[in-house]
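Visitor: Can you make the complete structure from the sequences, with help from the hints?
Keeping their order, the protein sequence lines are chains A and B. For reference, each letter of the first sequence is one residue, going 986 to 1685 in my numbering. For reference, each letter of the second sequence is one residue, going 986 to 1685 in my numbering.
What the hints contain is simulated information worked out from the structure, not anything from laboratory work. A portion of the hints provided could be inaccurate.
Note that the list lumps identical chains together, so a pair holds whenever it fits in one copy or between two copies.
With a cut-off of at most 27 Å between alpha-carbon atoms, the simulated DSSO-like pairs for lysine-lysine come out as follows [as the list claims (entries may be wrong)]: (1) K1509 x K1247; (2) K1244 x K1255; (3) K1599 x K1631; (4) K1442 x K1034; (5) K1276 x K1287; (6) K1509 x K1244; (7) K1074 x K1442; (8) K1125 x K1250; (9) K1588 x K1023; (10) K1313 x K1470; (11) K1651 x K1639; (12) K1324 x K1444; (13) K1324 x K1244; (14) K1287 x K1272; (15) K1125 x K1034; (16) K1337 x K1493; (17) K1562 x K1588.
2 protein chains.
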Amino acid sequence: MIHISRAINRRLFSMERLRLTNQQEVEATLASLNIPFKTIQHPEVKTVKECLEHTGVFAGKVLKNLFLKDKKGKFYLISAVHTTETSFKTLAKKLGSTGGVVREAPEEKLTELLAAVPGGVSPFALANDHEKQVKFVLDKEVLNLQHILLHPMTNTATTEIPTEGLNTFLHHIGRDEDTLIIDFSAVEEEKKEEAKKAAATEEEKKDTTLGLSCTQEENYAQWYSDVITKSGMIEYYDISGCYILRPWSYEIWERIQNKFDKEIKELGVKNTYFPMFVSEAALNTEKEHVKGFAPEVAWVTKNGETPLSEPIAIRPTSETIMYPAFAKWIRSHRDLPLKVNQWCNVVRWEFKHPTPFLRTREFLWQEGHTAHATLEEAAVEVRQILDLYASVYEDLLAVPVVKGQKSEIEKFAGGYYTTSIETMIPFNGRGIQAATSHCLGQNFSKMFNIWFEDDSKEKKFVWQNSWGLTTRTIGVMVMVHSDNKGLVLPPRVAPTQAVIVPIFEKNKVEEVLNKSREIYDEIKRTGVRVELDDRQNYNPGWKYNHWELKGVPIRVEIGMKDIAKSQVRIVRRDTGKSEFVSWAELHTLPALLEQIQADMLAKAKQNLDSRVIKASNWADFLVALNAKNFVLTPWCQRNECEETVKHRSAEESKQTEGDHLTGSAKTLCQPFEQDPIQEGEACFQCGEPAKHRALWGRSY
Amino acid sequence: MIHISRAINRRLFSMERLRLTNQQEVEATLASLNIPFKTIQHPEVKTVKECLEHTGVFAGKVLKNLFLKDKKGKFYLISAVHTTETSFKTLAKKLGSTGGVVREAPEEKLTELLAAVPGGVSPFALANDHEKQVKFVLDKEVLNLQHILLHPMTNTATTEIPTEGLNTFLHHIGRDEDTLIIDFSAVEEEKKEEAKKAAATEEEKKDTTLGLSCTQEENYAQWYSDVITKSGMIEYYDISGCYILRPWSYEIWERIQNKFDKEIKELGVKNTYFPMFVSEAALNTEKEHVKGFAPEVAWVTKNGETPLSEPIAIRPTSETIMYPAFAKWIRSHRDLPLKVNQWCNVVRWEFKHPTPFLRTREFLWQEGHTAHATLEEAAVEVRQILDLYASVYEDLLAVPVVKGQKSEIEKFAGGYYTTSIETMIPFNGRGIQAATSHCLGQNFSKMFNIWFEDDSKEKKFVWQNSWGLTTRTIGVMVMVHSDNKGLVLPPRVAPTQAVIVPIFEKNKVEEVLNKSREIYDEIKRTGVRVELDDRQNYNPGWKYNHWELKGVPIRVEIGMKDIAKSQVRIVRRDTGKSEFVSWAELHTLPALLEQIQADMLAKAKQNLDSRVIKASNWADFLVALNAKNFVLTPWCQRNECEETVKHRSAEESKQTEGDHLTGSAKTLCQPFEQDPIQEGEACFQCGEPAKHRALWGRSY
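Guide: Given below as structure tokens:
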């Protein structure tokens, strides 16, 4: 940026006169200065937020322009990135305004001095301030932008120009010299707070300008929100905790469905659909179970204006909906095993702060429910399903997982035992439950009276399992792979695996376009899901950002130079590495995609493995935990002990430096693959004899 | 049955003595008489209904056994089919009891005279009535049954024997001579009423005995309920209007999904998922529209014990949920057309009597929503989709449909115009709307402010369509094809297309089984979805009924005779026709399945075509309508006229003889394919100039 501000100072001379009062005059001037510009017309806008509703097609950022006055009657025009914090307090401080007071200048002054309309003011208006009565103040942050958006003397249109073009313009009207460039970043902290709050507001959610508004490091929550909204995966919705799954994410869910659905059908599972509604009586049949969900259950109490005779619950899960039917269907051992599954929506009205994909009040999942004659048979299936879940994550989403069994405290309410797959969010080291496969034992069969007659006509209760995989899968995938450029999609689930971006040149457009189409057909023939971005209203740079944001694994660039060499330039989204590939070698793209898939998994696995730390005592445990790791410890398996760990880990971490390090740790699982407990090995926390090794972490 | 009752009278002699007090003794006696029997143990049952909970595995019917006493102190044991109407009034009449009074006999008499326990009495107990103090009365209907179910002197078990076996037993204990056989069918009418009421009760719904309890002609509602429950398509649920879709029906829905989903994706439609919940504000945005659904909307007002700040509706359809997002996504003509679809559940809390598949309070559907730059483009899509819907019915479900446009009164609330496909339920001639494809015009885009800029930067509202297909498809298919043996499935959607039933013979079981397995592999190789029913606890007859009830298109029988001739016997479910096919010709089965598919459609089409009657005046209209037809008439297209037709058709049909002929007629659609209106042609009802031809009918 220093380079650019110097540039401004170097242009002291030219003092041409000019007057700009409408869009045409602005555009004419820009044209005359060879400043490239694009203008979009829109309804009258009075605020930046309204403006953002219409400028999504632009790569540049909207500038907010403030016309101010200080106590001494001095006027200022402030142009700042719309996200820059510019309270009057800050401005006064920054402007060194005597008395530290600045306020909005009266509208008539706006017209008198700058010939501008309210809401339509911008640096362009400076062209009308020949007496230099208005001090121009530019947010230093602006100089970091490639493109900026300004109103061309009207608030019914917005014009995009390269930031460099602003310098050219200011120079042209002789206002570059006295431009005051201010660095607001000193108020970075305030700004972050601001952004956090803003993130929660509907308006910010609707911000659809291209590019992420912050990095993971700056504000992880905001970064995640940006990645999933700007990539086109999620649209926020006006009911808290509910989100719109757009095609870019739903197609990933469809790929997960196709794989898993095929596999369970091979296991003899049949798809069904049970009602979404459950009567209070049925819901309450299994007490332990209902306790686990009661506070989160949504109740329908009226239709139209008519109150229902008794309230009806919406399923948080379907055990209590399905099992009365199981009791009817199962009579003899010949009716077993009974294996059904459904793909559906469920509702859990959680109070915790909702997060798209990870914690939502309505979500999509499959729930499998099976009944078996013996515990042995049920137990085998529990692990078969868990393996299929692991395969969804590792083979489709390139996310490594740890398989294990839940502790008594963490297991499914009303179940016998719970197995799960767990993984880590690399940025903050938090654990997240990726999927669960429960053995329900006979708890439910006894409550719902589901029994059968064995060969010897003896009456026996069935052994049951239930298992579920949700759209959380997608959120985990996003958090594990994505970066500060946006989404990074594993090729096997990417809706688009490769995008072709033609690099047009004057008079060569047709030539490049035709060759691009040939390349497109060529690649399509290899079975790759390919798109050709032949839009001519966006430049290649914009398209690069656009498709990187959307996480497309491979970008294929082709311009005249490449055509001359019968090649294309291939850029990998995951590594950013690029290489030239001759047209004759395009058939290797499928192999490259598989390579990318493998590399993404390997990278994630390397990270996870390196962050599972072994600890045998409390001190080591706490250090490892607070360094954003999972900790594997010998454990006594006692509930009291886990409760103590939760309490201590929270208490004793309060003083620790760094972010994301507070909160209590819990058992994620007891991994199936672990070294046997040695003779005399003690629990890391309480010192009681260890029974098993547990994997601990802070979790979502 | 006359034959059988004679059989009873022929066996006057044998007068052996015997005492039966428990299950063992009963079974020993049956064995000694070479009467084949099967017994199932179950918890103690006090009523027939409780008994039905456990006897679904049997082909036979449960008999109810009443121990009664009349005024003169005469005792009776009545054994009747459990569905036979046997009020004391009827009994008294039938028994010719003086004073016409019969009542339940005291329990101690039950023990004293028959050595039976309450709830466990049956004809077996007659063995203990050596003084013949108890008159045995047998429902004539019993003699029409193949098998009957009786308690073997205990109400914790049920025994199935061939009806012929009862005669053998009665003869053996010397009670065949004085058995009084009564025909209750004189009370047929009462019985029907009874059955109708019963159909509505939860208990009857749960009846899972094999075989339909009545014919279409006897009680259409009950027949339909039997077909879908006993075939394993539907399980009733304890919340009215909600039903369980079992694999036998859900797999058909999956086949519909696979076909249609693939076709709309080829049209560029992308799948999404929008929240199920909608705020009151959003729901109310389009007034006309919401009026159409308001009374049927289910409202969530609390979660757990906490009331929501404002009630949230469950989608009856998603226009008002999706379109605010459309307004954000659509900015320029380059964002058009926007085409999204979702497969989901919706809730319409209708007050009309619910019918599984046809009218349910929660149902599954797909809803497509698209936005276009021009009406022309939208209009083209409306018809493309309608054609795809027609193809689902005609090519998959073998159900012929009529394509046309809805009248103003019948169109979608808030829409511009509605097209639909309509078909007829053959039994009662009622019309049923099979699917709808709506052009919404700009009504919604203006309400939700969905506009774009065309090339000339002019702001224009988009033109929208929405279209939906529901699980109603399955109910229509059931009603169009099924018969009094049960379901008849079109091969293309049948979960199982062919079932192999081995006919076992003593000492030849293995041989038949092995060959059956070879045949199974053979057929599987041809791509046919085939099952081998190798269960040895059911006889072939039971299996024939079972698979006919489930509507499997082809039955493949193979016994020793067939093996000798290297052939199988093939029986078509749709026609009942059978033929022998040599093993070498098994590869022709796919062709046969396609033939069955074609024949089913042709048959249904022939019926529909023959029942679309043309009428040009009211008299002819009413006659044709009341003869269970659709009526095609010249029409003025005025709302008042349609209202009048509704009123008149209902009023003037009240006197007409026959069933299903009351109620008002309405326009089903105005068929796209129709003869042009002639110069001076008048509306059939009001005489105003006719504008178009309308298809009228009574509808579901």
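Visitor: Going through the numbered hints above, which ones does this structure break? Give me the numbers in ascending order.
Guide: As far as the earlier hints go, 7, 8, 9 and 16 are violated by this structure, in ascending order.
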